[in-house]
Amino acid sequence: MTKEKKELKSLVVQGTVYQTNLTWKFENRVKWETPNPNYIYSFIPGTVIDIFVKPKEKVKEGETLLLLEAMKMQNQVRMPFDGQIVKIHIKKDQVIPKKYLMLEIKPLKLK
Amino acid sequence: MKKGILNLKSNFMSLRSNVLDLRKRKREVQKGGGDKAIEKQAKMGKLTARERILALLDKNSFHEYDLFVEHSAKDFGMESKILHGDGVIIGTGTIYNKPICIFAQDFTVAGGSLGMMHARKITKIMDHALKMRVPLIGINDSGGARIQEGVNSLAGYGEIFFRNTLASGVIPQISVILGPCAGGAVYSPALTDFVFVVENISKMFITGPSVIKSVLGEEITMEELGGARVHAELTGNAHFFSTSELECFEQIKKLISYIPRNNGTKALPFPPKPPKKGKKIEDIVPGDPRIPYDVRDIIKSVTDSSEFFEIMESFAPNIVIGFGRMEGDTVGFVANQPMVLAGVLDTDSSDKAGRFIRYCDAFNIPIVTLEDLPGYLPGVDQEHAGVIRHGAKILYAYSEATVPKVTVILRKAYGGGYIAMNSRHLRADFVFAWPTAEIAVMGPEGAANIVFRKEISEAENPEEVRQEKIQEYKKKFANPYVAAAQGYIDEVIEPKETRGRILHAMKVSENKSIALPRKKHGIPPF
Chain A
1 MTKEKKELKS LVVQGTVYQT NLTWKFENRV KWETPNPNYI YSFIPGTVID
51 IFVKPKEKVK EGETLLLLEA MKMQNQVRMP FDGQIVKIHI KKDQVIPKKY
101 LMLEIKPLKL K
Chain B
1 MKKGILNLKS NFMSLRSNVL DLRKRKREVQ KGGGDKAIEK QAKMGKLTAR
51 ERILALLDKN SFHEYDLFVE HSAKDFGMES KILHGDGVII GTGTIYNKPI
101 CIFAQDFTVA GGSLGMMHAR KITKIMDHAL KMRVPLIGIN DSGGARIQEG
151 VNSLAGYGEI FFRNTLASGV IPQISVILGP CAGGAVYSPA LTDFVFVVEN
201 ISKMFITGPS VIKSVLGEEI TMEELGGARV HAELTGNAHF FSTSELECFE
251 QIKKLISYIP RNNGTKALPF PPKPPKKGKK IEDIVPGDPR IPYDVRDIIK
301 SVTDSSEFFE IMESFAPNIV IGFGRMEGDT VGFVANQPMV LAGVLDTDSS
351 DKAGRFIRYC DAFNIPIVTL EDLPGYLPGV DQEHAGVIRH GAKILYAYSE
401 ATVPKVTVIL RKAYGGGYIA MNSRHLRADF VFAWPTAEIA VMGPEGAANI
451 VFRKEISEAE NPEEVRQEKI QEYKKKFANP YVAAAQGYID EVIEPKETRG
501 RILHAMKVSE NKSIALPRKK HGIPPF
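Line order of the protein sequences matches chains A and B. For reference, each letter of the first sequence is one residue, going 1 to 111 in the UniProt record's numbering. For reference, each letter of the second sequence is one residue, going 1 to 526 in the UniProt record's numbering.
Some hints here could point you the wrong way.
Here are the computed lysine to aspartate or glutamate pairs in the DMTMM-like style, where the Cα-Cα straight-line distance is at most 25 Å [what the hints assert, rightly or not]: (1) A/Lys99 with B/Asp381; (2) B/Lys254 with B/Asp58; (3) A/Lys25 with B/Glu199; (4) A/Lys99 with B/Glu224; (5) B/Lys98 with B/Asp66; (6) B/Lys276 with B/Asp304; (7) A/Lys91 with B/Glu219; (8) B/Lys40 with B/Glu247; (9) A/Lys98 with B/Asp381.
It is worth saying that the hints were derived from the structure and are not from the lab. Keep in mind that this is a model prediction, so the values were computed, not measured.
Given the sequences, and given the hints that come with them, work out the whole structure.
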């Protein structure tokens, strides 16, 4: 910790507001967001090897949407439920980081 | 007869030439990787392995072994190569006149790469250290496994890790990272008690930047990935950070002065000295539990000469750990730090304190706990990071420790935090509380909101009633006397009595002995 006088910040623990310093780790913690089931994010950084679907295409649960190569493994990204492709945010051969929005989908009853 | 005398003379002559030959051989090997490689090492701002050992140990105390060991690789053209000492120096010496075993990897010889004979030299000195019950210091400066030696190199690492584990808790093991330490090699330091790093010199990681880039597409420098600062502040892999090798050696010597040589002895006592006269202990801590102060000032107000040797200063600074002396004897301090995150327990601080408590317990160092915390840190990130299992480490470590344990509650002691911080219930030997102590399930604000929810919500002026109820709760529970009435606290003491009370508690605990159920070992939550 540095000796210089820093302005104290507030931290609430069980209803009480404490004056204190915050750590870099605490200030940069990832804020929780409720996941949107209609957004498919990359779970690992990697390269998009192939995309098998097009916008507006109807896809059944479990069908492979794309191949994401990471750690020398070709990972199949599958459709989580019956639905339709809304938007594709990636291109073939694109290198993407973790938690990158790859596809937008929406649920649809398929006959 | 004449012939015999002649023979004697020629024998004498040949012995002399043998000695000269030995000296020549030694000089040759002691050059390590040669002038060019040494120059390169200096350009990186690094000392050579030999210079490091000589700078760290007492003058003229170093004795080397296995100087003439040669590598055993037979493939990839290695058979014709000479690697002096196979890239590592081992030996014994003294620090403050007390024996230690040491090895230092020599980066000038094949990048300090670890081959079979290199590893065998290290394990030889490790075996010595364990057998002789003396501390082991390892200076790491190596490019990693010697690929030409294949699986023999891996075997070497495994043999080292096994011995690290075997010696853990028996002799102090100190790792000094003075260069790269990558891949499997990082696990030897990780298994040892204390890791020292130096800015711009130490580099530790499992997978380097180039592999990360090629596999994952993430670009990062070596320093950002596994530099000294990263390990001292973020990962918690390093215990001591310095800006030069010489500063690092001073830190090591200081540490050695605080700890015993093995688990069968106590740290050497120093001449007792009173704390320095400074700010009065009453004036350091603000009465309002929401206002912070530096708990290290409290530690310094009770230690000899007001000296405190802090460990892991920059990692999880919401808890403070380290050594001080009281009447000449080493004491381990664990203290919540209200200056950072209000002193809460979280994943990192529990981990940090838990391991330190186990260290103190293994090496017969009494533990003094200074308590002032609002509880565990709330947050999704904490819950998902496993604050339950990490937080359990501190409970486990305190409960398991059989060394004398003294707790002083300065102000807040709320909820799970109260239990975790060496409470009576975890078998603290002595629990003292200042009159400012608040031992309660939670702070008055939170408690009033729950206990008087109905009164507050139904009141005409809820905020006014809320404040009233907070005061009511404060009066009733935010003090040490409820816990003292139950005997959970042994005595409510004046702040200025703190040092005297701790000293007396230590004195009467000197022959502490407790019988534990027989077991092979526990299963701590790590």
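Status of each hint after checking the structure:
Under the criterion of a C-alpha separation no larger than 25 Å, the hint pairing A/Lys99 with B/Asp381 is consistent with the structure, at around 16 Å. In summary, the hint linking B/Lys254 to B/Asp58 is supported, as the alpha carbons are separated by about 13 Å, within the 25 Å threshold. For the given pair, A/Lys25 sits about 20 Å from B/Glu199 by alpha-carbon distance, which is consistent with the 25 Å threshold. Taking the CA atoms of A/Lys99 and B/Glu224, the gap is about 21 Å. The hint holds against a cut of 25 Å.
The suggested pairing of B/Lys98 with B/Asp66 holds, with an alpha-carbon distance near 22 Å, which does not exceed 25 Å. Among the hinted pairs, B/Lys276 with B/Asp304 is consistent with the structure: their alpha-carbon atoms are about 8 Å apart, no more than 25 Å. Taking the CA atoms of A/Lys91 and B/Glu219, the gap is near 21 Å; set against the 25 Å cutoff, the hint holds. Restraint check for B/Lys40 and B/Glu247: satisfied, since their Cα atoms lie roughly 22 Å apart, inside the 25 Å limit.
Between A/Lys98 and B/Asp381 the alpha-carbon distance is near 18 Å, which keeps this suggested pair within the 25 Å criterion.
Violated hints are absent here; each numbered hint is respected by the structure.
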